[in-house]
Amino acid sequence: MQIMRPATHAFARIEQITGKGSTAPGMAKAAPLNKGVSMANRPGRTFEFVYQFILAMTPIQTKCKCMQVRRAASRAFTLIELMAVVGIMAVVVGLTLPALSGVSRSNNLGHASRLVSNLLTVARTEAVTQRTKTRFVVVKNWQDKPEASYRRMSVWKYDIEQEAWVQLTKWEAVPQGVTFDPASGSYTGEVDANHLLASAGVNSFSVVVGGKTVELQYAEFAPTGAASMPNMTGLDIWMALTMENLDNTAGAPANYAKITANTLTGRLKIARP
Numbered sequence: 097m098q099i100m101r102p103a104t105h106a107f108a109r110i111e112q113i114t115g116k117g118s119t120a121p122g123m124a125k126a127a128p129l130n131k132g133v134s135m136a137n138r139p140g141r142t143f144e145f146v147y148q149f150i151l152a153m154t155p156i157q158t159k160c161k162c163m164q165v166r167r168a169a170s171r172a173f174t175l176i177e178l179m180a181v182v183g184i185m186a187v188v189v190g191l192t193l194p195a196l197s198g199v200s201r202s203n204n205l206g207h208a209s210r211l212v213s214n215l216l217t218v219a220r221t222e223a224v225t226q227r228t229k230t231r232f233v234v235v236k237n238w239q240d241k242p243e244a245s246y247r248r249m250s251v252w253k254y255d256i257e258q259e260a261w262v263q264l265t266k267w268e269a270v271p272q273g274v275t276f277d278p279a280s281g282s283y284t285g286e287v288d289a290n291h292l293l294a295s296a297g298v299n300s301f302s303v304v305v306g307g308k309t310v311e312l313q314y315a316e317f318a319p320t321g322a323a324s325m326p327n328m329t330g331l332d333i334w335m336a337l338t339m340e341n342l343d344n345t346a347g348a349p350a351n352y353a354k355i356t357a358n359t360l361t362g363r364l365k366i367a368r369p
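According to this note's numbering, the residues represented by the sequence shown are 97 to 369, in order.
In short, the hints are calculated from the structure, not lab data. One thing to keep in mind: the hints can contain errors.
What follows is a set of in silico ranges between Cβ atoms, one per label pair, in the way DEER data are often shown [as the list claims (entries may be wrong)]:
{"#": "1", "residue 1": "G273", "residue 2": "I176", "range": "37 to 45 Å"}
{"#": "2", "residue 1": "P319", "residue 2": "A269", "range": "25 to 33 Å"}
{"#": "3", "residue 1": "G297", "residue 2": "S213", "range": "20 to 28 Å"}
{"#": "4", "residue 1": "D255", "residue 2": "G297", "range": "21 to 29 Å"}
{"#": "5", "residue 1": "V188", "residue 2": "T361", "range": "48 to 56 Å"}
{"#": "6", "residue 1": "G206", "residue 2": "I176", "range": "44 to 52 Å"}
{"#": "7", "residue 1": "I176", "residue 2": "R210", "range": "45 to 53 Å"}
{"#": "8", "residue 1": "S213", "residue 2": "V303", "range": "42 to 50 Å"}
{"#": "9", "residue 1": "S213", "residue 2": "V187", "range": "16 to 24 Å"}
{"#": "10", "residue 1": "G190", "residue 2": "L331", "range": "58 to 66 Å"}
{"#": "11", "residue 1": "G206", "residue 2": "T329", "range": "28 to 36 Å"}
DMTMM-like mimics (lysine to aspartate or glutamate), calculated; alpha carbons at most 20 Å apart, straight line [claimed, not checked]:
{"#": "12", "residue 1": "K236", "residue 2": "E340"}
{"#": "13", "residue 1": "K266", "residue 2": "E243"}
{"#": "14", "residue 1": "K266", "residue 2": "D288"}
{"#": "15", "residue 1": "K365", "residue 2": "E316"}
{"#": "16", "residue 1": "K253", "residue 2": "E268"}
{"#": "17", "residue 1": "K308", "residue 2": "D240"}
{"#": "18", "residue 1": "K253", "residue 2": "E311"}
{"#": "19", "residue 1": "K354", "residue 2": "E268"}
{"#": "20", "residue 1": "K365", "residue 2": "E243"}
{"#": "21", "residue 1": "K354", "residue 2": "E259"}
{"#": "22", "residue 1": "K266", "residue 2": "E316"}
{"#": "23", "residue 1": "K253", "residue 2": "E286"}
All figures in this text were calculated on a predicted structure; none of them were measured in a lab. Just so you know, even glycine gets a beta-carbon here, dropped at the ideal spot from N, CA and C.
Could you build all of it, start to finish, from the sequences and the hints given here?
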């Protein structure tokens with residue numbers, strides 16, 4: 097904070113030194129110093145006059161600690177205010193986390209359904225272009241790898257020279273938390289016999305991978321592009337993706353992705369609730 101010396105003080109000092117009426121209007125004259133002595137006989141007085149004038153008109157830098165404390169206090173937060181802000185933030189986080197979790201699960205299901213659809217397309221395209229039979233397979237049971245069950249998939253083709261099924265694409269896994277739903281009865285309007293993972297297991301075969309037995313269930317594509325499964329009765333092969341650890345005994349889960357392949361054309365369709 098700057099405080100200017102009063103102008104009256106400056107004029108008073110000048111008049112005392114010079115003895116002349118340089119008093120500001122409305123101000124009483126100050127008594128001159130050593131009246132009767134001229135400025136010429138007092139060279140030191142000239143210097144004192146200049147010094148006093150400069151000193152009188154120079155602003156003084158002062159700091160008021162009490163005002164600084166008040167200003168600092170006005171900029172700070174009280175403990176009650178901080179606790180209120182923390183409480184509001186906790187409520188907001190508590191309300192938004194479930195919504196964000198639901199969005200993440202929905203995104204994972206969408207990604208998984210597109211991944212399955214892509215592999216089904218690869219299987220059908222390979223069958224048509226190479227004039228051979230292909231299979232889209234899902235792991236039902238992998239020896240010593242329980243985490244692979246109903247989560248890993250691949251495309252296989254029939255090798256005429258070897259007279260055996262050989263793997264065409266690498267193993268793919270659905271996103272974390274997503275699984276193929278082995279239950280078929282919870283989806284109304286669908287035929288169990290047309291479910292890729294039907295419990296009857298008539299559409300299954302086993303292979304050995306790394307010395308471990310892997311049981312697979314499949315949907316087969318012919319060179320015409322048509323899809324089929326043993327003992328099926330409808331026009332569509334279907335499978336469902338859902339979240340892990342869900343109880344579907346009371347019906348279809350609230351969030352799932354159902355994929356169907358037409359047996360005549362091989363056309364794929366993805367449905368979400």
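Results for each hint:
no.	hint	verdict
1	G273 <-> I176: 37 to 45 Å	holds, 42 Å
2	P319 <-> A269: 25 to 33 Å	holds, 29 Å
3	G297 <-> S213: 20 to 28 Å	holds, 24 Å
4	D255 <-> G297: 21 to 29 Å	holds, 24 Å
5	V188 <-> T361: 48 to 56 Å	holds, 50 Å
6	G206 <-> I176: 44 to 52 Å	holds, 46 Å
7	I176 <-> R210: 45 to 53 Å	holds, 51 Å
8	S213 <-> V303: 42 to 50 Å	violated, 24 Å
9	S213 <-> V187: 16 to 24 Å	violated, 41 Å
10	G190 <-> L331: 58 to 66 Å	violated, 48 Å
11	G206 <-> T329: 28 to 36 Å	holds, 30 Å
12	K236 <-> E340	holds, 15 Å
13	K266 <-> E243	holds, 17 Å
14	K266 <-> D288	violated, 29 Å
15	K365 <-> E316	holds, 17 Å
16	K253 <-> E268	holds, 16 Å
17	K308 <-> D240	holds, 8 Å
18	K253 <-> E311	holds, 16 Å
19	K354 <-> E268	holds, 18 Å
20	K365 <-> E243	violated, 27 Å
21	K354 <-> E259	violated, 33 Å
22	K266 <-> E316	holds, 18 Å
23	K253 <-> E286	violated, 28 Å
In summary, the structure is inconsistent with hints 8, 9, 10, 14, 20, 21 and 23 from the numbered list given earlier, while agreeing with the others.
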